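Engineer: Dock chain D against chain U, hints included.
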Amino acid sequence: MPLVTYVDHDGTRHEVEVEVGDNVMRGAVNNGVEGIVGECSGGLACATCHCYVAADWADVAGTPTSDDERDMLESAAAEVRPTSRLSCQIEVTAELDGLVVELPERQY
Amino acid sequence: MATAPIVIPENDPRNPVPFPLPRLAGPDQVPDHVPEALIRSTNMLFNPEFLADPYAYFSGMHEKLPPIYYDVGRMGNAWNLTKHEDAFFALRHGEYFSSASSTPFPRDPSDYFYFLPIEIDPPMHRKYRAIVDPLVNPQAVLKWEERIRKLSNDLIDAVIAKGECEFTEDFARPLPVCVFLDLMGLPQDMRDQFVTWVVQLLKNFDPAQMIPTMKIIGDYLKSAIEDKRKNPDEGMISRIVHAAPNGEPLSDKEIFGFVFFVFIAGIDTVYATLNNIWYWLARNPDRRHEMMADPDNINAQVEELLRVFSVTFSGRILKQDLELRGVQMKAGDRLTSILPACNYDPEVFPEPRKIDFHRPRKPILAFAGGVHSCMGAHLARLEIKIGLQEWLKRIPEFSVKPGAEIKYPPSAVVGPEPLPLVW
Chain U
1 MPLVTYVDHD
11 GTRHEVEVEV
21 GDNVMRGAVN
31 NGVEGIVGEC
41 SGGLACATCH
51 CYVAADWADV
61 AGTPTSDDER
71 DMLESAAAEV
81 RPTSRLSCQI
91 EVTAELDGLV
101 VELPERQY
Chain D
109 MATAPIVIPE
119 NDPRNPVPFP
129 LPRLAGPDQV
139 PDHVPEALIR
149 STNMLFNPEF
159 LADPYAYFSG
169 MHEKLPPIYY
179 DVGRMGNAWN
189 LTKHEDAFFA
199 LRHGEYFSSA
209 SSTPFPRDPS
219 DYFYFLPIEI
229 DPPMHRKYRA
239 IVDPLVNPQA
249 VLKWEERIRK
259 LSNDLIDAVI
269 AKGECEFTED
279 FARPLPVCVF
289 LDLMGLPQDM
299 RDQFVTWVVQ
309 LLKNFDPAQM
319 IPTMKIIGDY
329 LKSAIEDKRK
339 NPDEGMISRI
349 VHAAPNGEPL
359 SDKEIFGFVF
369 FVFIAGIDTV
379 YATLNNIWYW
389 LARNPDRRHE
399 MMADPDNINA
409 QVEELLRVFS
419 VTFSGRILKQ
429 DLELRGVQMK
439 AGDRLTSILP
449 ACNYDPEVFP
459 EPRKIDFHRP
469 RKPILAFAGG
479 VHSCMGAHLA
489 RLEIKIGLQE
499 WLKRIPEFSV
509 KPGAEIKYPP
519 SAVVGPEPLP
529 LVW
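Protein chains in written order, with our numbering: chain U, 1 to 108; chain D, 109 to 531.
Next up, chain U with everything else stripped away, as it sits in the complex (with noise of 0.2 Å):
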């Protein structure tokens, strides 16, 4: 399965590995990383799952997928920065095996 890599904001690093298909966001709240609450269970109806993808996968997994996604992400507590998304809209795919994403100090 792909390992994906969740750094705290106190720089705490939490390595998950995650099912191809499922989200970035899932494979946080069903493992413990406390940094993403993904209240609405991935309907992109919150903006509680926000997350920065490292720089160097900012290239394939870095830019908002959908217009609501990029309204919502309005929404963030924390601070908005260019490769902000909300984790819920990054699938896991074979590809993304590696993937670092930084977790913001709040969601809410």
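In short, the hints are calculated from the structure, not lab data. Remember, it's a predicted structure, so these values are computed and weren't measured experimentally. Cβ atoms here follow ideal geometry from the backbone N, Cα and C, with glycine treated the same way. Mixed in with the good hints, there may be bad ones.
Ranges between beta-carbon positions, derived for each pair [stated by the list, open to error]:
#1 D:P320 <-> U:R13: 50 to 58 Å
#2 U:E19 <-> D:P403: 29 to 37 Å
#3 D:I319 <-> U:N30: 38 to 46 Å
#4 D:P357 <-> U:H9: 33 to 41 Å
#5 U:R13 <-> D:E203: 24 to 32 Å
#6 D:E505 <-> U:H9: 40 to 48 Å
#7 U:R13 <-> D:I268: 33 to 41 Å
As a list, the in silico DMTMM-like pairs of lysine to aspartate or glutamate whose alpha-carbon atoms are at most 20 Å apart [unchecked claim]:
#8 D:K438 <-> D:E144
#9 D:K191 <-> U:E74
#10 D:K493 <-> D:E513
#11 D:K470 <-> U:D68
#12 D:K251 <-> U:D22
Structural biologist: Using the frame of chain U, we list chain D on its own:
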């Protein structure tokens, strides 16, 4: 009133005990710390002005009432919140706001149980959510799409030639309830019976009269739970019965309270939303045409309609003293977030009364928020979307039956009924 510090107990789902604090109700039960200037008696669910047009009332609350006021009345005394920001704060900060005792349903003190997961605070609630999330997350509900589409068309088939229907009975209730029964693994031939029970429970505000209905539903669900124990299937009840988070099966009380809560929550909310939406559509042909001309925008249309036609409320109890927006509240105070009003907060949704299908997407409170946000939200969205698509395709022109007077009955779930339509 007593001034001793109030301690809200941490609920232990394996050892349910009746909530120790009484519900205050009425003007002679206002705590001393509540300033006179913030006391109101809106009598909301029963007030004729509210019932005449609940959504005009909800949107008008931002002009007519303080953003936080202490409502006093027979439904119980509580701080009411109407700001989007404040409701999200209350829903998202379990360290201040407990959802213990947040449902109004009476239980036998000698055989007490909690409604799960709603009455359990984080982080313990997560154990329960994790059991059912795989059945109701946005990806999981997609498997119901064809079933919902077929059911929508079957229901339309049954009435289309008649040129009229009573929308509640003929479409709004059967559509979500049939899907829900399949999801739960409950028999379709009990549909009308289930609806009757839940309606009796939710439209009756007298605890003494709720008790017998609670017993009837409880007895039925106990037998359904026993059946699933012996005959496991793919449904939600079976999944709850056989769940073993971290290798530990749920206790009988946990299973019962979980199944009971899901049962109540799943029967009565979508129909009220559909009735609100169809009542509006029936009176607004131009907006109907606008929606039909822009089918690719259906998701935004559904979200905007959910924003303006939210149907329910969210209760919490304060665990510790808190000052919010300059208002001093104390541990033990109850709060109600008026979710339908929060969705008309002009600070978040400019020109809030305007139904605008091209609004930038923002979090709405139709399904509450925070860790207890509605488990069925994605199924509800899908049902509304498909219901709209299929209905507008086949019955694009319709109106309220001439002469019919549409009323909102007093209910904790806001929707007009009956709703006779003609085409």
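Engineer: A separate judgement is required for each hint: does it hold in the structure or not?
Structural biologist: Checked hints:
Under the hint 50 to 58 Å, the C-beta atoms of D:P320 and U:R13, about 56 Å apart, fit the expected range. For the pair U:E19 and D:P403, the supplied restraint of 29 to 37 Å holds, since their beta-carbon distance comes to about 33 Å. The hint said 38 to 46 Å for the Cβ distance between D:I319 and U:N30, and at roughly 39 Å that hint holds. The given range of 33 to 41 Å is respected by D:P357 and U:H9, whose C-beta atoms sit roughly 37 Å from each other.
Judged by the Cβ atoms, the range 24 to 32 Å given for U:R13 and D:E203 holds: they are separated by roughly 27 Å. Separation of D:E505 from U:H9 is about 55 Å and departs from the stated range, judged on CB atoms against 40 to 48 Å. Taking 33 to 41 Å as the suggested C-beta distance range, the pair U:R13 and D:I268 does not conform, at roughly 59 Å. A threshold of 20 Å between alpha carbons decides the hint, and for D:K438 with D:E144 the separation of about 16 Å falls inside it, so the pair holds.
At most 20 Å may separate the alpha-carbon atoms for a hinted pair to count; D:K191 and U:E74 meet this at roughly 19 Å. The hinted pair formed by D:K493 and D:E513 fails the criterion: a straight-line CA distance of about 27 Å is larger than 20 Å. The suggested pairing of D:K470 with U:D68 holds, with an alpha-carbon distance near 9 Å, which does not exceed 20 Å. With a C-alpha separation of about 16 Å, the suggested pairing of D:K251 with U:D22 holds against the 20 Å cut-off.
Comparing the model with each earlier hint shows violations of hints 6, 7, 10; every other hint is respected.
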